[in-house]
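Asker: Just need the whole structure built from these sequences, with the hints factored in.
2 protein chains.
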Amino acid sequence: MDLRAEFRRWKAQRLSKADLSRKGSVDEDVVDLVRLLNAREQFFTTSSCAGRILLLDGGINGFEVQKQNCCWLLVTHKPCVKEDVMAALKKASGDAVLKFEPLVLHVQCRQLQDAQLLHAVAVDSGFRNSGITVGKKGKTILAVRSTHGLEVPLSHKGKLMVTEEYIDFLLNTANQKLEENKKRIERFYSCLQHALARETMTESHPKIREKDSPACSKKARNTAKAQDTHVPEESEKEIENDGDDDLGISVTLFPEDY
Amino acid sequence: MDLRAEFRRWKAQRLSKADLSRKGSVDEDVVDLVRLLNAREQFFTTSSCAGRILLLDGGINGFEVQKQNCCWLLVTHKPCVKEDVMAALKKASGDAVLKFEPLVLHVQCRQLQDAQLLHAVAVDSGFRNSGITVGKKGKTILAVRSTHGLEVPLSHKGKLMVTEEYIDFLLNTANQKLEENKKRIERFYSCLQHALARETMTESHPKIREKDSPACSKKARNTAKAQDTHVPEESEKEIENDGDDDLGISVTLFPEDY
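Protein sequence lines, in the order shown, are assigned to chains A and B.
One point on numbering: in UniProt numbering, the residue at position 217 of the first sequence is 217, and numbering is uninterrupted.
One point on numbering: in UniProt numbering, the residue at position 189 of the second sequence is 189, and numbering is uninterrupted.
One thing to keep in mind: the hints can contain errors.
Which residues of chain B face chain A? A partial, calculated answer using Cβ under 10 Å [unchecked claim]:
| hint | residue |
| --- | --- |
| 1 | G131 |
| 2 | V134 |
| 3 | E151 |
| 4 | P153 |
| 5 | L170 |
Keep in mind that the hints were calculated from the coordinates and are not lab data.
Every residue, glycine too, gets a C-beta built ideally from N, C-alpha and C.
Answerer: In structure tokens:
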């Protein structure tokens, strides 16, 4: 079976399966992006989480406990108020931790070059911890990840270690990150539309070169960077040094006035 | 110029350059790993941070401020005590945030298959957010990343929002994560040695197949997973469903008694 046919078979198989997540459906904020990807023959999504605020009751000292034993006290994809967290914390008996987790999206790609395009778009949209996985049999998956998280221990052995005022302040930060995450998803959607349109155009008119189009990816990337203080300096340096010329993240994605 | 020669040239160029990080040298905990990689002709490291606890004085509400304006009040690669943080916090005038950042390592690889091998080893050692970047000209880099962080807002407009007791508790958690990160680096080093020895052996004796060797990567992976509650469920599912057969993370890396 040739690569295209095999990919089509995988895609059909995957998209026909039931959604096995706890929620059982794709998160609202990421539905358009998931649809856009699945409508293209070279992509299909294998998992997604739009971003969420969650309160976990871990075992004592967090990471010593198996994930399956870790209890979710609260999960929300929407901004969250102090009262919700205070009520959920009453059920905590171990070390409760509040987290903000940004978008995580896994996309299977037909060929490495499809993953490269998507990777470039993801990084330019602010999802700078994205990366490709290539399996032994050539299965190619792009994981879209952000550096933009939050992880805050709140209680120890069931005892609250912070004040209500702090939780209020913390949720303000978490809600802002949720909002910024939503903007990045919208930016990703818009960038992807442009990149796919450009790709289609280049395929039908191979003489159109990238540099003839308005260049604005660098601007977009810098906007995303400016709002992000999370990546270690070394990693930042890496992306800055090598990004523009060689890492495939210089595709032009935005109109000048974005 | 052929691929091997070009890669050799890149490597020589990179390794002859001065270390441009603030610290100016490779972190102690990662020196052996960096040496092991740079001693192999198919790899060279382009940046590394072994893992650290840091206190940043961000602008108000953290991510609104450019990275270059964000002030480092404290950085340490060693366990940290409350007194250090309390002293550093006195200099905070904006929104101070305490972070634990695990290992980040960027490794340029000669070919995609070299990156695949390294990726498999990284994931099996617990660095589950690792991913490959392939540039337009084929430059292939593996970023080794963990899910194992911590990010805690401590003050707002210079005002401390938590108690000293909380900072003590928080540092206990951060120090444990630093310790666990160190174990993962050691596991990565050991796994990599095995994988490279196996690769060399397979090259000289192509009949030796993986399944003839003691299989223990799954065990190692599960150990790493059990200590990690950070990855969103969907992403976890993805790795679990596809990992063993297709994502190249079933290479056998550990001796049975690891």
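Asker: Verify the interface restraint on G131 (chain B): the C-beta must sit less than 10 Å from at least one C-beta of chain A.
Answerer: Result: holds, 1 Å to nearest chain A Cβ.
Asker: So, as I understand it, the hint says E151 (chain B) touches chain A; can you test that by seeing if any CB pair is closer than 10 Å?
Answerer: At 5 Å from the nearest chain A Cβ, E151 (chain B) passes the 10 Å test, so the hint holds.
Asker: Answer holds if the nearest beta-carbon of chain A is closer than 10 Å to that of V134 (chain B); otherwise answer violated.
Answerer: 5 Å, holds
Asker: Using Cβ atoms only, decide whether P153 (chain B) comes closer than 10 Å to chain A, and label the hint accordingly.
Answerer: Cβ of P153 (chain B) sits 5 Å from chain A, so the hint holds.
Asker: Against chain A, run the beta carbon of L170 (chain B) and see if the smallest gap drops under 10 Å.
Answerer: 6 Å, holds
The structure meets every hint from the earlier list without exception.
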